[in-house]
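Chains A and B supply the protein sequences, listed in that same order.
Take the first sequence: its letters are residues 1 to 478, numbered as in our numbering.
Take the second sequence: its letters are residues 479 to 624, numbered as in our numbering.
Derived from the structure by calculation, the hints contain no laboratory data.
Fair warning: this is a prediction, and the values are worked out from it, not measured in the lab.
Hints may contain errors.
Unchecked claim - Derived DEER-like restraints, expressed as beta-carbon distance ranges:
id, chain 1, residue 1, chain 2, residue 2, range
1, A, D37, B, G564, 39 to 45 Å
2, B, G577, A, D420, 49 to 55 Å
3, A, E114, B, E495, 33 to 39 Å
4, B, I596, A, A426, 22 to 28 Å
5, A, E255, B, E495, 28 to 34 Å
6, A, V406, B, D576, 46 to 52 Å
7, A, F331, B, R590, 39 to 45 Å
8, B, G564, A, E255, 34 to 40 Å
9, B, G564, A, R419, 43 to 49 Å
10, B, I510, A, F331, 43 to 49 Å
11, B, R591, A, E255, 44 to 50 Å
12, B, E503, A, D420, 27 to 33 Å
13, A, E389, B, E495, 38 to 44 Å
Claimed, not checked - Straight-line distance between alpha carbons at most 20 Å, and here's what the computed EDC-like set of lysine to aspartate or glutamate pairs gives:
id, chain 1, residue 1, chain 2, residue 2
14, A, K174, A, E80
15, A, K449, A, E424
16, A, K413, B, E503
17, A, K248, B, D547
18, A, K414, B, E493
19, A, K248, B, E539
20, B, K575, B, E539
21, A, K413, B, E526
22, A, K449, A, E33
23, A, K414, B, E503
24, A, K449, B, E495
25, A, K330, A, E80
26, A, K471, A, E108
27, A, K248, B, D551
28, A, K330, A, D420
29, A, K413, B, E495
30, A, K413, B, E493
31, A, K248, B, D545
32, A, K248, A, D179
To be verified - Here's a subset of chain B near chain A, in silico, CB distances under 10 Å, partners left out:
id, residue
33, E493
34, F494
35, I500
36, P507
37, S554
38, K600
39, A601
40, H605
Glycine included, every Cβ here is placed at the ideal spot set by N, Cα and C.
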Amino acid sequence: MELRRIHDYLWEIPKSGAMRVPGRIYASAAMIEQLRDDPALQQVANVATLPGIVGYSLAMPDIHWGYGFPIGGVAGIDAEHGVISPGGVGYDINCGVRLVRTNLRYDEIAPHVERLADALFAAVPAGVGSEGAIPSLSLDEMKGILRDGMNWAARAGYARATDLDHTEENGCLKMADPDAVSENAYRRGRKQLGTLGSGNHFLEAGRVDQVYHPDAARALGLEPGQVTLIIHSGSRGLGHQTCDDYLKIIGRRMEAYGIHLPDRQLAAVPISSDEGQAYLGAMAAAANFAWCNRQLIMRLAERAFLETLRISERDLGFSLVYDVCHNIAKFEEHTVDGRTMRLCVHRKGATRAFGPGHPSLPAAVRALGQPVLIPGDMGRYSFVLIGSEKAMRESLGSTCHGAGRVMSRAQAKKSARGRDLIRELAEAGVTIRYQGRGTVAEEMPSAYKDVADVVGVMEAAGISYRVARLKPFLVVKG
Amino acid sequence: MPDNSERGDGELFREFEHTGDIGIELDAPSRIELFARALVAIGRLMVEPDGIRLLEERRIELAAASDADLMHDLLSAALNLFLADGFIWRDASVAEKDGGLAATLSGEPFDRRRHSLIQELKAVTYHRLSVEKSNNGWRARIVFDV
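Chain A with its partners taken away, still in its complex shape (with noise of 0.2 Å):
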């Protein structure tokens, strides 16, 4: 595939054959070497055919393989005339991190370690078979998580009112339809609020290691030495079963409004078509699902922190420093060539990273930009950065999820074999408890790349800039 060097970390894959406007990725120049044969560049260039797509087709530099839409994808169209993919939002809706700080510091509780993991391991459900911090959840009840998100998780007494200014969207998108999601989405969801979930989800406690930015680590609470954990959890089975559930009723109605794609899981219908607004519609209430579930987790981590280390809720100091969502499609204002659009934004394995002043952010941060939340694998490092003025100009407000895996389950786990990850964890300062056999093979620090060179490339690219590094040191897997 031709690719275009536009800078040292931004390449593009020049329009051509059905694609509508060019495809843009951001990665360094080795990244892009290893990319060259792989199909998510392909990938990159079947989004650009979507209809109503603007600007660019992006990728960020965790670009892998994903359906449809690649992971790291991020598409803009436009609201009026284009149209709406569940492949674009992926199947685990509002897959995304939160951020909790603490009033701890690693020293203080480093004895401690062994049993704290113990206690988040047992306070935290997380595969099949186990049942939520709620368990027997009404139907009414259910309808009133997905239609009111965090709202009913403060009515219900699991939310402070800084928790909701902390999330995006402050946790609920309004134009939910719990009406819109199925039967089955509604019995695979029932028992799974407050559970955590298997594949690449986590808590992950961790200390300060590093400020880049003390303005911004000040406004967000961060300081060296503290203690933090990070929530990774999405909208478990119910989000799973809505994306099927569309992509099912969407790739049957394609052919009927004119809509001819190259891949299957990118099927798309017109955002005004009934389908497309019935979509959006159960999409969000999944999404409020979503943060529902971050929000249980983290009362859940709350209280095995405060039993473990029996101390008061004012010494813990347990508090939300920002949740965002990185698997989601939403509606924003950007300018596109010199013109202000209302678009349908696609961020799939990617996070919103609004600029400084932008209205939708907290008082406390809104002067310096949108917090951003991008975990590394599970024994080196994750980052908190902020957004740029140059990612609304250039991104569409989007920066990078994640490390982005080098290496496929199966080979992860081949490279495993004869290995004793838990005690190299260990070695690595990391304690880990794990349910599902094969999972800490198939998650182990080297089938990601180095976070650390993926926040380097959207740094270098002016996107989003490090405020600070977070040291893993105890992990729980799903």
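Following the hints, put chain B in place on chain A, whose structure we already have.
Just chain B now, kept in the frame of chain A:
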């Protein structure tokens, strides 16, 4: 109750590489047996089969526009039996019915204290999904989201 437990993983399916997820390829002498083997395979990808007793049956009946759609819908329905209803199976049989398929899964309720969970599959994708005739029978390729 049918017992096809002689279908060892090695002969039942082969895993192929996909960056973030799991892909399998499997063969069967007939189209119907291909669907039955795929049902057994998805169960084996999730839970160790040895501890699963053949105590109960669940039935799935459906029709679709193509064999690939049929495979997607059949495996998705089976996945839902596990993820929503907590039923896990060790064996499956499939028959043609009314232009579609009728499948019977044999197993028992999943019990995390007794059964060994290997991994949770979250969805059956359309990604490069294929069901087609091969030289020696029928072949399917399926990618699962994990």
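Now for the hints, and whether the structure bears them out:
1. A:D37 - B:G564: 39 to 45 Å: With Cβ atoms ~42 Å apart, the hint holds.
2. B:G577 - A:D420: 49 to 55 Å: Cβ of G577 of chain B to Cβ of D420 of chain A: about 54 Å, so the range 49 to 55 Å holds.
3. A:E114 - B:E495: 33 to 39 Å: Holds, since E114 of chain A and E495 of chain B (Cβ atoms, about 36 Å apart) stay within the stated range.
4. B:I596 - A:A426: 22 to 28 Å: Holds: the Cβ-Cβ distance is about 24 Å, inside 22 to 28 Å.
5. A:E255 - B:E495: 28 to 34 Å: This hint holds: roughly 32 Å between Cβ atoms.
6. A:V406 - B:D576: 46 to 52 Å: Roughly 48 Å apart at Cβ, these two residues keep to the hinted range, so it holds.
7. A:F331 - B:R590: 39 to 45 Å: holds (41 Å)
8. B:G564 - A:E255: 34 to 40 Å: holds (38 Å)
9. B:G564 - A:R419: 43 to 49 Å: At 34 Å between Cβs, range violated.
10. B:I510 - A:F331: 43 to 49 Å: With a Cβ separation near 47 Å, I510 of chain B and F331 of chain A satisfy 43 to 49 Å, so the hint holds.
11. B:R591 - A:E255: 44 to 50 Å: For E255 of chain A against R591 of chain B, whose Cβ atoms are near 49 Å apart, the range 44 to 50 Å holds.
12. B:E503 - A:D420: 27 to 33 Å: holds (31 Å)
13. A:E389 - B:E495: 38 to 44 Å: holds (40 Å)
14. A:K174 - A:E80: holds (19 Å)
15. A:K449 - A:E424: Status holds; Cα separation ~18 Å.
16. A:K413 - B:E503: holds (18 Å)
17. A:K248 - B:D547: Holds. K248 of chain A to D547 of chain B sits at ~9 Å (cutoff 20 Å).
18. A:K414 - B:E493: holds (12 Å)
19. A:K248 - B:E539: The hint holds at about 18 Å.
20. B:K575 - B:E539: holds (8 Å)
21. A:K413 - B:E526: holds (17 Å)
22. A:K449 - A:E33: Holds, at roughly 14 Å.
23. A:K414 - B:E503: Given that 20 Å is the threshold and the Cα spacing comes to 18 Å, the pair holds.
24. A:K449 - B:E495: holds (18 Å)
25. A:K330 - A:E80: holds (13 Å)
26. A:K471 - A:E108: holds (16 Å)
27. A:K248 - B:D551: With a Cα-Cα distance of about 9 Å, the restraint between K248 of chain A and D551 of chain B holds, given a limit of 20 Å.
28. A:K330 - A:D420: Between K330 of chain A and D420 of chain A the Cα gap is close to 43 Å, so the pair fails against 20 Å, i.e. violated.
29. A:K413 - B:E495: holds (11 Å)
30. A:K413 - B:E493: holds (12 Å)
31. A:K248 - B:D545: Distance ~14 Å between K248 of chain A and D545 of chain B Cα, so the pair holds.
32. A:K248 - A:D179: This hinted pair holds, its Cα atoms lying about 18 Å apart.
33. E493: holds (5 Å)
34. F494: Where the cut-off is 10 Å and the nearest Cβ of chain A is about 8 Å from F494 of chain B, the hint holds.
35. I500: Check passed: Cβ of I500 of chain B comes within 6 Å of chain A, closer than 10 Å.
36. P507: violated (26 Å)
37. S554: Status holds, d = 6 Å.
38. K600: holds (5 Å)
39. A601: holds (5 Å)
40. H605: holds (5 Å)
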